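Number of protein chains: 2
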Amino acid sequence: MDEIIKAEILTIGDEILYGQILDTNSQWISDVLDRAGIRITQKTTVGDNESDILRAFREAEDRADIVLITGGLGPTKDDLTKPLLARYFDCPMEPNPDALRQVSEFFQSKGLELTPVNELQATLPVCCEVVENKLGTAPGMWFHRDGKVFVSMPGVPHEMKKMMTDTVIPRLHEVFETAVIYHKLIKTIGIGESWLASKIQDWEDALPENIRLAYLPSLGQVKLRLTAFGTDRSVLEEQVAEQIEKLKPLAGNFIYGFNGDEIQEVIGRMLCDQCCTIATAESCTGGYLSHLITSVPGSSEYYVGSVIAYENTIKEALLGVQHQTLLDHGAVSEETALEMAAGIRKRTGAKIGVSTTGIAGPGGGTPEKPVGTVWIAYDDGKEAYARKLQLWKDRDVNIRATAVAVLNMIRIRLSKTIEVTE
Amino acid sequence: MDEIIKAEILTIGDEILYGQILDTNSQWISDVLDRAGIRITQKTTVGDNESDILRAFREAEDRADIVLITGGLGPTKDDLTKPLLARYFDCPMEPNPDALRQVSEFFQSKGLELTPVNELQATLPVCCEVVENKLGTAPGMWFHRDGKVFVSMPGVPHEMKKMMTDTVIPRLHEVFETAVIYHKLIKTIGIGESWLASKIQDWEDALPENIRLAYLPSLGQVKLRLTAFGTDRSVLEEQVAEQIEKLKPLAGNFIYGFNGDEIQEVIGRMLCDQCCTIATAESCTGGYLSHLITSVPGSSEYYVGSVIAYENTIKEALLGVQHQTLLDHGAVSEETALEMAAGIRKRTGAKIGVSTTGIAGPGGGTPEKPVGTVWIAYDDGKEAYARKLQLWKDRDVNIRATAVAVLNMIRIRLSKTIEVTE
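Chains as they are written, first to last, in our numbering: chain A, 1 to 422; chain B, 1 to 422.
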């Protein structure tokens, strides 16, 4: 019962190994396994190479109870996973009637003809059970031998995710009894890792033996992960909650949420609760701020719209920025940022307007306003506020860091339970 | 000379293993090594666990010539990499004067005081050489023993990248003579993997022995990767170029670029060449389309701006969509999409206007217009064109797929060398 079930993730494909695509699957799988109380002990990526793949099968089986494999199942010739699994489990391949039916149904539902290459995909090692692929043509495979489970899934993210959620995780719970690991993420924004570490050092030193802390920094944010080990989930939950209460006086202002909370979701909930609407006027962020806000389901409740004013004429025509302001202070200035925020608020009728204007780079910098100079502003009709950011040399980093800074500015303003005019 | 130099990438950290952050470093490192002619044979991720880390060191050293390690070097307590490297290379740790000077200079340049925790970071295994970290406080470490190289770098992406580019890659070239591997990516859009595979099967079957093909599908796109092995780079380049010429008649219309080309960059170049400007009117994509366009450095040359009209009132007020159109056909309709595209073109003075309107989900679907129903439109004053997409149930996928479809629509229109009014 209390034995820890160990899993490894094996990703197969030259495209991942050579860095031509980013492996997002294994992060997703890790997260799902972790929630299922299964300890991930290693992730491995090997290329489309027979001996490497077979060695990886063997080593993973030696170390772990569960081996989850993605990739190498497509309809094309560089895909080796299926024949090598047949060889590893020492069984022949034959057309599988279930798999053939599922592939045929998938094609019918799309109104398409089955191609010979797709028929070949339904030929599987006879010792596996089919894991249905509801969103694609490559069936998954489930192998069970000597108490160990191998699952092979396609590398296409949405196909793999559907398989994991619908079939693989429920079946793993049937086969294994899982130990108790409890994680909680505490999400902070607006403070660097070293500064946060200094603030909370005494608290960290006093954590109980069975709770571990990790710092997970990202752009403008630091996540603290508490991991508790034990036998009773509710005891662990209580222990962790107690520690978080002790942490709050030390890091309270910087904490915006927990676990899966994203800053844009937290702001969305605040806007909903305060019956507030928001609109954005973006220059240097070029739509990324709006994208973050609208990535939240239901954001149409509080997000009205945006003007992205890349050209100065658009700042005047669609946001009402004064021509003289642009002449006197330039597009990247406190004055322009404030007029943009006020302008989008008035033009859209939103209660809050926010803005970004800056030099994202790589071009456009001057000695006075180097690349990375950014102004952001907030305006709710009663209160207006602008802030200068001095960021980096990297365009993408500057776009993302600016958007995060605006979201944090909104959070700070909204947590004062601002009053809005109208 | 012709022996292949093998490298492995080892990522250390529970945060990667448990899926709490996405590992983007190892993709970047792979890509850089690949360009350097070094063959990556495995990527491994292990957690903050002594015995797993030591085993991973040993196994990687057995298989590879070069082991590149990221993670576990921060100022905080969960970081194990440094003491374990000292143990693995059997040497004590001492304060390193070079590292201390570099950390001090880094803090001075930011106008900050050195903290004791940062001083500790300059204590290193005596058998390593320091790899300077110009963007952070954790020094890199270079170990060289029995012809094998271990390099340890921090997990913070921009710090690691700077170290790799400035120091690690040049030094690897000094130590190893690298074999010749040549890759070329051929990027297609608007055709699925199976369909593309059927179209080019004869070409694929006739590829020379030393050239391998891989299919790399992603949302709305399929990349073809040709990998050539040999001894002379210029011979390989010529061989691959010859194959691409043979491929073009089969897949020509779907090919938009090569290697690092992104569809938004290709469109940017087309717009520049044709002295065209563009503006976007977004509803369901919520800024993501603009974000893609403006992620390209220099996009201010051709991108004018955008209106993101989430609320219908904004579609009327800022884009001039007729109230009656919204009443008669709804926001998600051919008519609205066309009026949005025409509206943004006129309001911004751009030569081309494009638009998106649809139901991204998860809410908002009806039997007539289910989640995933999207209209996109193009208008250049002379020609106007709309297209319906029937996409998926997933909000994020729908946002991304819609943006890609619009970019492809622009590409198709621009490759006809369209004439624009004004």
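Read the hints as simulated data drawn from the structure, not as lab findings. Everything numeric in this text was worked out from a predicted model, so none of it was measured. Mixed in with the good hints, there may be bad ones.
A pair holds if it fits inside one copy or across any two, identical chains being indistinguishable in the list.
As the list claims (entries may be wrong) - Pairs of lysine to any residue residues, derived as SDA-like cross-links and limited to a Cα-Cα distance of at most 25 Å, are as follows:
1) 184 x 119
2) 223 x 207
3) 369 x 295
4) 346 x 386
5) 346 x 24
6) 161 x 416
7) 6 x 54
Contradicted hints - numbers only = As far as the earlier hints go, 1, 5, 6 are violated by this structure, in ascending order.
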